[in-house]
Each structure stands twice: as C-alpha cells, then as structure tokens.
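J.: Listed here are the chains, written in short residue letters.
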Amino acid sequence: MAVGEYWVRPGPEGYLPPAAASMGVELPQRGEALVEGRVVPEEDAFRVIAEKLLTARNPVFFPGPKILWAWKDGAVEKARAVLKLMEAVGARAIPMPDYRPKYPMINPAVEINPNHPNLTIWHNRIDVGVFVGVHCHYANLALKIIRGGTDCYTIALCGEVGHEDAMITLRDVDAGKLERLTEVARALSAARSPQVQAPAAGAAG
Amino acid sequence: MSKGLFKISPGFEDVMPAEYKELVTNGPYGRDLGISDLGTFKELIEEHPLCAGCAEALALRLILASLPNPEDTVIVGSTGCSSLLFPQVAVQNIHSLFGNQNAVATGLKRALRLRFPDKVKDVAVIAGDGATVDIGLDMVMQSWFRRELITTIMLDNEVYANTGGQESGMSPQGAVLNMAPLGKKFPKVNLPEIAREAGCAYVATISPALPRRLGKVVRRAILVAREIGPSYVQIFCPCPTNFKWPSAQVLQKIRDRQKEGIFKVREYVSPEAEAYLARLEVVKQHDEEQ
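Chains as they are written, first to last, in the working numbering: chain A, 3 to 207; chain B, 36 to 325.
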C-alpha cells in the first residue's frame, strides 16, 4: 500500500501490525483530529466519536494513571469530565492504575494489562475502547496490540498530540474538550431516542 | 513527594482494583514503619510469583518494611527471580537490562538531585547475584569507584535460579546444581571485600533469618548513601528450588550455614559514615525527647 493511503481500521491485523506512522499517517494539527488515519476538523471527530460510543454494544473506557490518580491540579477536573462522558454514552471502565506487567496472572475483567497482548482486550468482547489519561508510550503500545489481535474500535482522547494507531484520535484533550464531547454525545443521544409522543388533544385519558 | 499522589480521583474509586484501594488506605507512605510493623500495612500488591519458601521474597518484604522514606524511594531492579517480584512492590521501581542496574541507578539519582534539589530521594538497586557479581560487575564497581550516592543490595541466592540453575559467581565451591552437575570449581566471590576496597562507605552482609538486624542494616545503608558515599548490602537467601531444600526449611538452612561459619554476618562502616550515623542518632534522640 502506498504511503499516505493507509487506513487505521479495526483489526485483527496480525501479530505485528505496522505502526500507522510508518505507513505515512501523520498526527493532526491543532483544531484537527484523525479518523481512521484521515485528518478531519475536530468538531467532525466529536460527532463520530459520539456516534461510535452510542451505537456500541459494549463501549469501555480505559482510564490511565494520569486521571485515575489525583496527582496534580487539573487531574481531578479531567477525571470528573471523563466520568460525565462515560455516563452520557453508557460506557463502563476498566482501569489501568499503572503499567506494571502483572504476574502471575491478571483479572482482565477488573484491570487492563497494556503489556500483554492476550490480556489487553479479553475475549475480544469490547467493540469500542477509549484510551484516556494513559502515558504516550503505553498508549502507543496498547493501541497497536489491540489493532493487531482484536476488532475493537479504539479512540484516543489524548492530552498531547494524539495517537496514529487509534482509529480516532483527538489531541490536546482537557476537561473543556471532554465537556464539549459530552454535550455532543448528549445531543446525539437525545436526537436518536424515540420521541415520547404527547397524547393527542381531546383523547380520552 | 506528597502523599496526595496516592489519592484516587473522586468517582473512580469504584473501578479501581481492590488492591490499589487498600494500598492507598493501608500503604507505608508518610508513616514511620519498620520490621515490627510487618503484617499491619501493605508493602506488596497481592500474591507474589516466587517459589514457596523463597528467602528472596522474605528478604524483599523486610527491605521494603525498612525503607526510611518509601514514598521517595526508587528501586532499580534487574533480570532474575527478583524482577518477577518487582511488579508487586508498592514503591516506584525501574526494571533495567540484565547487569545495567547500577548504571541506570546512577543516572536516575543524578537526575533526581537536579530535578528535586530540596528533597531527599533515595535510589536503591536490588538485584540478584547474577546481575550484581557476574553480568553487571563492571557497572556495579564503576558506580562505587565514582562514589555514586546509591545503595546496592544483592539478593544472594547463590545460583541463576529462574533460568534453571546455572552456577553463578556467588555459588559456593563444590555446589552441584541442575546445570552445574560436576560441582562448581571456584570459590564464592568475596564481593563485600571488593565493595569496601572499591570505595563503599558502608558494607554489610546479612540474612532474612535475622529480620531486625536486616532492617537496621538496610536503613543504615540507605542513610549513608544519602550523604556519605555508596553502600552495599549482601543478603544471603539461598534458593530452595535449586538447592532442593524443602520450602519450610530454608530459614533453618540459613541458620545452619551461619553456625557452620559458611555465611558470616559482617558490617563495615567507614569513619565518615560512622560519624554521620552517630550524628543522626543524636538528632533522633533529641527529637524523641522533645
């Protein structure tokens, strides 16, 4: 495949999927995002993310240490914003409190192990996974492993410049941007819900 | 470092694994704990993967309980049985490549001194005999020659244990091991003596069969490495699996070896380190009287 035409789509892509960056996928500029390796305006990405999460069978957030621990100013606000977003889209969370490889075994229903391909997304039952508050190098590693071995659709809500190996990546994500994403999700959710029909005027009660 | 680092963000308490919640409420951070408090706080994350009866595991628990400043301590480990245990410890830790541990610890200590000039940050290497006396001896000794302010703790299980039982520099002469069936031809390396000659300000040998003394030794080694110079502690914890001892008899075997004079408890304190430790003792007594 020619460089620049690479689509970052759900796997399984095999034991060693190529890094999207090595296939010509470049990180987005400010105000932009990547959807499956293509640059789009950030607002468009909000809608796609909300749509993906709201239509998912089992949407799961993978919060990392940067928001799980109240370690600096701003971390708690961001954590609260993530919780609101999770509630808005009806997602659950599997935490990554740290990145230590867990021996001799891990309970993958309780905690994600980003170092271990078979234990990252257990049984491939998670169809949409969101990475947030994960340090860059571990997010890169885990996102690539997930694409290699599962068909999970991954979304990175990145505090820095984004991740090419996620199917959707937003950059510079702070509490404000998470609030905006929650608004979009709520609006989309309301639009998708069946309207409660008011009884016709004059109808008997 | 503030203990606030170990607070869970509000709202995420429910999804956090139970062991982390317990660590926050019952960990060693910000508390003055010691060997006698073992069992009353959480120094390891749940079960460890080492063999039943492993004296290394006991030694590591005792080390962790003896750290004077666990929240501001970084442990640097290396390949070996002990590295299987590090993911479970409740202290910041780095896993280095086999034998690189003292070089990594050197860089880390220097970086921490630049980044946090007003704080005490302890760096302790905890590695097995293969990493310390065989593969990593060059870097271990070079760090001592340079007087790096780090503590080196060797868990001396006298064998390359997790690779099946090759002889190490610390295997005793004549030891018959799975992959040394004819018996080792050379004597055990005298690393404590080398450490002293190489410039360590504090050197000690100890075993987990003497828990309180082990705690004191580790504490002293770390305190000396803060101000005076490098320190070295060798903890005798032979491997029950490779020496084919029943798990329950390991500590007795260690005591027997001590009685036979094969393993000796030793301590060397340089005059500068001795004066420094005495000063700390005076300060501690003064604080207790206040």
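Check each hint, because a few of them may be wrong.
Dumping the calculated DSBU-like pairs for lysine-lysine here, alpha-carbon to alpha-carbon at most 30 Å [stated by the list, open to error]: (1) A:LYS68 x B:LYS42; (2) B:LYS288 x B:LYS319; (3) B:LYS77 x A:LYS68; (4) B:LYS251 x B:LYS154; (5) A:LYS86 x B:LYS154; (6) A:LYS68 x B:LYS154; (7) B:LYS42 x A:LYS74; (8) B:LYS251 x A:LYS68; (9) A:LYS179 x B:LYS42; (10) A:LYS179 x A:LYS68; (11) A:LYS68 x B:LYS223; (12) A:LYS74 x B:LYS223; (13) B:LYS251 x A:LYS74; (14) B:LYS42 x A:LYS86; (15) A:LYS54 x B:LYS156; (16) B:LYS56 x A:LYS74; (17) A:LYS54 x A:LYS179.
Restraint-style ranges between C-beta atoms, simulated for each label pair [unchecked claim]: (18) A:ARG94 x B:ASP322: 56 to 62 Å; (19) B:LEU315 x A:GLN31: 39 to 45 Å; (20) B:LEU149 x A:ASP174: 25 to 31 Å; (21) A:ALA111 x B:PHE133: 54 to 60 Å; (22) B:THR60 x A:GLU53: 36 to 42 Å; (23) A:HIS137 x B:LEU149: 49 to 55 Å; (24) A:ARG59 x B:PRO45: 28 to 34 Å; (25) A:ARG94 x B:GLY234: 40 to 46 Å; (26) B:PHE133 x A:GLU7: 41 to 47 Å; (27) B:ASP322 x A:CYS138: 56 to 62 Å; (28) A:ALA111 x B:PHE180: 48 to 54 Å; (29) A:GLN31 x B:LEU149: 30 to 36 Å; (30) A:ARG94 x B:ALA310: 46 to 52 Å; (31) A:ASN60 x B:THR75: 37 to 43 Å.
Sample of chain A residues at the chain B side, in silico, Cβ under 8 Å [unchecked claim]: (32) PRO65; (33) PRO67; (34) ILE69; (35) TRP71; (36) LEU85; (37) ALA90; (38) GLY92; (39) PRO97; (40) ARG102.
No lab work stands behind these hints: they were computed from the structure.
All of these numbers come straight from a predicted model, not from anything done at the bench.
The beta-carbon is built from N, C-alpha and C at its ideal position, and this holds for glycine as well.
J.: Now look at each hint and say whether the structure bears it out.
T.: Results for each hint:
1. A:LYS68 x B:LYS42: holds, 12 Å
2. B:LYS288 x B:LYS319: This hinted pair is violated, its Cα atoms lying about 37 Å apart.
3. B:LYS77 x A:LYS68: holds, 23 Å
4. B:LYS251 x B:LYS154: holds, 23 Å
5. A:LYS86 x B:LYS154: Roughly 37 Å separates the two Cα atoms, so the pair is violated.
6. A:LYS68 x B:LYS154: Given that 30 Å is the threshold and the Cα spacing comes to 23 Å, the pair holds.
7. B:LYS42 x A:LYS74: This hinted pair holds, its Cα atoms lying about 10 Å apart.
8. B:LYS251 x A:LYS68: With Cα atoms ~36 Å apart, B:LYS251 and A:LYS68 exceed 30 Å; violated.
9. A:LYS179 x B:LYS42: Judged against 30 Å, a Cα distance of about 24 Å means the pair holds.
10. A:LYS179 x A:LYS68: Holds. A:LYS179 to A:LYS68 sits at ~16 Å (cutoff 30 Å).
11. A:LYS68 x B:LYS223: violated, 47 Å
12. A:LYS74 x B:LYS223: Not OK: A:LYS74 and B:LYS223 at ~49 Å, beyond 30 Å, violated.
13. B:LYS251 x A:LYS74: violated, 35 Å
14. B:LYS42 x A:LYS86: holds, 20 Å
15. A:LYS54 x B:LYS156: It is violated: about 46 Å lies between the C-alpha atoms, which goes past 30 Å.
16. B:LYS56 x A:LYS74: Distance of about 19 Å is within 30 Å: holds.
17. A:LYS54 x A:LYS179: holds, 17 Å
18. A:ARG94 x B:ASP322: 56 to 62 Å: violated, 50 Å
19. B:LEU315 x A:GLN31: 39 to 45 Å: Once the Cβ atoms are compared, 56 Å apart, the range 39 to 45 Å for A:GLN31 and B:LEU315 is violated.
20. B:LEU149 x A:ASP174: 25 to 31 Å: holds, 29 Å
21. A:ALA111 x B:PHE133: 54 to 60 Å: Violated, since A:ALA111 and B:PHE133 (Cβ atoms, about 34 Å apart) do not stay within the stated range.
22. B:THR60 x A:GLU53: 36 to 42 Å: holds, 41 Å
23. A:HIS137 x B:LEU149: 49 to 55 Å: violated, 22 Å
24. A:ARG59 x B:PRO45: 28 to 34 Å: holds, 29 Å
25. A:ARG94 x B:GLY234: 40 to 46 Å: Hint violated: Cβ distance 56 Å, outside 40 to 46 Å.
26. B:PHE133 x A:GLU7: 41 to 47 Å: Roughly 42 Å apart at Cβ, these two residues keep to the hinted range, so it holds.
27. B:ASP322 x A:CYS138: 56 to 62 Å: violated, 44 Å
28. A:ALA111 x B:PHE180: 48 to 54 Å: holds, 51 Å
29. A:GLN31 x B:LEU149: 30 to 36 Å: Roughly 34 Å apart at Cβ, these two residues keep to the hinted range, so it holds.
30. A:ARG94 x B:ALA310: 46 to 52 Å: violated, 59 Å
31. A:ASN60 x B:THR75: 37 to 43 Å: holds, 41 Å
32. PRO65: At 7 Å from the nearest chain B Cβ, A:PRO65 passes the 8 Å test, so the hint holds.
33. PRO67: With Cβ-Cβ at 10 Å, over 8 Å, it is violated.
34. ILE69: This hint holds: A:ILE69 lies near chain B, its Cβ roughly 6 Å from the closest one there, short of 8 Å.
35. TRP71: holds, 6 Å
36. LEU85: holds, 4 Å
37. ALA90: violated, 14 Å
38. GLY92: violated, 15 Å
39. PRO97: At about 5 Å, which falls below the 8 Å cut-off, the nearest Cβ of chain B leaves the hint on A:PRO97 intact, so it holds.
40. ARG102: Hint on A:ARG102: holds, closest Cβ of chain B at ~4 Å, below 8 Å.
Comparing the model with each earlier hint shows violations of hints 2, 5, 8, 11, 12, 13, 15, 18, 19, 21, 23, 25, 27, 30, 33, 37, 38; every other hint is respected.
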